[in-house]
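J.: The chain contents come next:
Protein chains: 4
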Amino acid sequence: MSVVLGSNRYGKAENRVVRVYRDTARHEIRDLNVSTSLRGDFEDAHVAGDQTKVLPTDTQKNTAFAYAKEHGVSSPEDYAIALGTHFLDAAPPATGAQIAVEEYVWDRILVDGEGHDHSFVRRGTETRTAVVTVDGRASEQRVWVVSGFTDLVVLKSTGSEFKGFLKDDYTTLAETDDRIMATSLTARWRYDGTSAERDTDWNVEYEDVKAIMLAAFATTYSRALQQTLYGMGKNVLEAHPEVAEIKFSAPNKHHFVVDLAPFGLENNGEVFIAADRPYGLIEASVSRDDSSESGLAWQSVPGFA
Amino acid sequence: MSVVLGSNRYGKAENRVVRVYRDTARHEIRDLNVSTSLRGDFEDAHVAGDQTKVLPTDTQKNTAFAYAKEHGVSSPEDYAIALGTHFLDAAPPATGAQIAVEEYVWDRILVDGEGHDHSFVRRGTETRTAVVTVDGRASEQRVWVVSGFTDLVVLKSTGSEFKGFLKDDYTTLAETDDRIMATSLTARWRYDGTSAERDTDWNVEYEDVKAIMLAAFATTYSRALQQTLYGMGKNVLEAHPEVAEIKFSAPNKHHFVVDLAPFGLENNGEVFIAADRPYGLIEASVSRDDSSESGLAWQSVPGFA
Amino acid sequence: MSVVLGSNRYGKAENRVVRVYRDTARHEIRDLNVSTSLRGDFEDAHVAGDQTKVLPTDTQKNTAFAYAKEHGVSSPEDYAIALGTHFLDAAPPATGAQIAVEEYVWDRILVDGEGHDHSFVRRGTETRTAVVTVDGRASEQRVWVVSGFTDLVVLKSTGSEFKGFLKDDYTTLAETDDRIMATSLTARWRYDGTSAERDTDWNVEYEDVKAIMLAAFATTYSRALQQTLYGMGKNVLEAHPEVAEIKFSAPNKHHFVVDLAPFGLENNGEVFIAADRPYGLIEASVSRDDSSESGLAWQSVPGFA
Amino acid sequence: MSVVLGSNRYGKAENRVVRVYRDTARHEIRDLNVSTSLRGDFEDAHVAGDQTKVLPTDTQKNTAFAYAKEHGVSSPEDYAIALGTHFLDAAPPATGAQIAVEEYVWDRILVDGEGHDHSFVRRGTETRTAVVTVDGRASEQRVWVVSGFTDLVVLKSTGSEFKGFLKDDYTTLAETDDRIMATSLTARWRYDGTSAERDTDWNVEYEDVKAIMLAAFATTYSRALQQTLYGMGKNVLEAHPEVAEIKFSAPNKHHFVVDLAPFGLENNGEVFIAADRPYGLIEASVSRDDSSESGLAWQSVPGFA
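Chains as they are written, first to last, in the working numbering: chain A, 1 to 305; chain B, 1 to 305; chain C, 1 to 305; chain D, 1 to 305.
Any given hint could turn out to be false.
In this list, chains with the same sequence are indistinguishable; a pair is considered to hold if it fits within one copy or across any two.
[Said to hold, decoys possible] DSS-like, lysine-lysine: derived pairs with alpha carbons at most 30 Å apart: (1) Lys69 / Lys253; (2) Lys69 / Lys234; (3) Lys53 / Lys163; (4) Lys53 / Lys167.
Calculated from the structure, these hints are not laboratory results.
With the sequences and hints as input, model every part of the structure.
T.: Here it is as structure tokens:
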């Protein structure tokens, strides 16, 4: 028997890069959490502790900050593509790089009804995400872009049922025609193709995909969270041909009707207890049948079926 | 020497009460985290394990849910006053009650530009808070109301300096004319008086106090976070005579300018690293000189100087 | 009406100070989270933004690290006393200082049954705490020491009942002769007196107080969590005359018996669901009747009734 | 174009199952967090909202609790195998099941030097994990077992260097002969084979694998975290032929030497600041060259390269 090194990667996680654009009095701000990693021929580092081929994680950190200036941050996706392709130039032993970005959105503070020039309040709803995976060099280079968000918390106070399900000896759940449905949604969508050069407006795409998903959540009469997710994904795929595939992870945040009968009170879906654990967890993906292969796009992307 | 029981209280913490108003097709939702506690003559329970005078925390929980229906939740403050005064009726051994409420705000999901009737997305910025303390019964009863919020994250990308400070042998900090100032603000304001009956519109008050604070944060040229907080508080006190006192707790969330010189890049306040720890922590209170005594209003309220 | 500055303080929170003693091959490690704050005459900073009297929080940070070397860390208490008294010398406008320390304990990694010289594994049970409050200077100086721990998670699988409690219209809880009792205990004890010079072995004290509390928790037949806490405190006060007062905060981490009858199974206290929220919350203090006044010892100490 | 349902699964996450063995006065306790999920033919649920083939997550929850009694919890692995194979019997539309278990360890409270019969204190170091994946039925059934732990926090105060690394234009890191190396280690090891019937003593295995890893961490002079991980894995594979493969995820928890020179103090590796973010992140796997294929063993296992 001999011991074999398997898949491995290394990088610098959670660089908190804040980029302020201050060319005019009206500042813009991009607030990012950037994780970079490299894959490649790093066997010497593992087996012998030889760092000759290892570009330090500290250098990756420096580059993440320098690129916020050198390249700028017009969007998480654009910045991540620039950073990822750079690392394959900078580190010849690397065969691939992955850049995972979270973005936190800031709104302008309203003063007399107008957004202030340089004062902001954090929006605090979902976190926007982008995961860019780069593999190979020159004409062999492929770049996958996965956009998305985490923790978009949505709730329907009606328009959701759950019934007709499979039963076994351990089934006690009552069927219901009307329940609260709530989830803290993570969605990630892969853009078709593997080119580093794209003329996509990532920010416009992001807002539009999110708006379609929210509207589908709102207007779908839900017979299951699975069905709602499928509908959300379908609507996006139909409206955005450049989106190849979408993955959802949706904890079913249970809201249980509280029994108020002991106190002589009716409770027709008016008072609920929001439960923490356990929670249902639904994971699903939808794609267009004519989309390109996903390749390495989903490798190491957290939390997907 | 003999052992003496000192201050004590007990209750049920973090009841996740969700109240849906569904009298019309256009639902309303109030999403609360409710903690209740009682003080009083509970020595027997401590010294002898005798529960005769102890209204169980489970009962407190039941009441918190039942009151969301019986009394309703027009505001966290109104609901907390009702619940707190109820407990002094329900539990004769209690001499006082405190009800602490957090509220999470939901916005309607936009569908074709209109807010949906029963589908919501959680706003996710600050958490609104109310702490109501009730002491005594009948004509002796006093009710203190402290409204507020936690975790309102704000940032100024300029208009903030820090210089002219005291120096000692351990001082290495450089003075600065221009820095990012950011904080995750907790503010709590005590309303004047101790009456259980008030004709305050708590929701309007809340939005207005928050708006004044945000505007003051935005428009104050800041020579110190202390000065900014003081200005925010002063503006509220001047506009709202019913507010007696305000307490702030403001972590100074440091954003350090990254040194890009080693890479041949200028950094004129454009690229920052957002640091986690340590952080400055500024706590301050302001009050009107003619306000009533605070009494028990701040007892057990978390996180204040 | 005029606006008045009330209580205030400022400092640097959560300095993660790690001190390694490496004078011999057998290293020692102290791993601390240190928060410092100053009170005093800081009105100019608040009202006018004038920093003349403000020793920066950055300087406080530097001092916390420097003192880990200059003074050393024989215990959190000893280190905090040194740091707190220093700040009153360094910052003449300050009238008081508070140093709050958390300590994380590391055990030596076992290699062939022996503890390794310089390799450690974090123990991960409770966090040890010390809060030292210093007020005034020279002969007027008073120093309060509050030791303690947070998050010591303990559980009894029997030997706990809950019955005979007060009932009202909202009471549905069944009485029980046998339940799981579990809590994540925070305890803090104030040492008698206000001298800066003490010949206490803080580390020995800490271990002994904790051991007494644990043994009392284990061996007390519990009729209420209140009674258990009281017994734990009483045993410490009787064994340690230098301890003046003890405060407990104990969330009652509910473990509910799962109803297995629908599946034809008996459940005689064998299968439980550990619930997250809501939880009971019991806060209590015990003191010796002949102890000194607590003065400022508990000011701004988090989480106590 | 048509929309296609891709990979999907659903289940109940984070069932907090506590199992007490109380057949004698000396109780035993197993404290678990159990997540179950099913894969299979669930297209109707997604596309049409038809639940006919869906065994509810509520039923999965019931079963997790019932099995703690019916089957018992001799180890997380044994319990998870029983639960996973059960679900393929209970839910004919399912083609596979995954059971992920976390276990929290409790020690007996010491009273007069003896462990108490029914009073426990939570150990609080690492969390033990087991992920069991079951695919197919009858003679086609395959069962993969991955044991492991998360968050084992270890530190070496010397015996670690980092030098000789690759440099580019963004490299500023100084080489070092002596640094603190610390990580919060996640390790998972796959057992060889796919049989549901195994005569492994999972608890003994767990303790032995962990002890080997800890000893290797302690005694390896480290030229890189990669090399340390490789050494830890190699030692386990050499001692445990039943282990086929090991995966590590190791955040490099940086401890930076604090510059005390401005204060006239030397700092020869004695005072460090423990940083939060960013952190290095090293992920690596090692396997024996003659091991069986991993199949579905790692599917949906969180956090691995």
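J.: If a hint holds in the structure, say so; if it does not, say that too.
T.: Hints, one by one, checked against the model:
1. Lys69 / Lys253: Classified as between: cross-chain Cα gap 22 Å, same-chain 41 Å, threshold 30 Å.
2. Lys69 / Lys234: neither (38 Å within a copy, 39 Å between copies)
3. Lys53 / Lys163: between (58 Å within a copy, 11 Å between copies)
4. Lys53 / Lys167: between (57 Å within a copy, 9 Å between copies)
Of the numbered hints given earlier, the model fails hint 2 alone.
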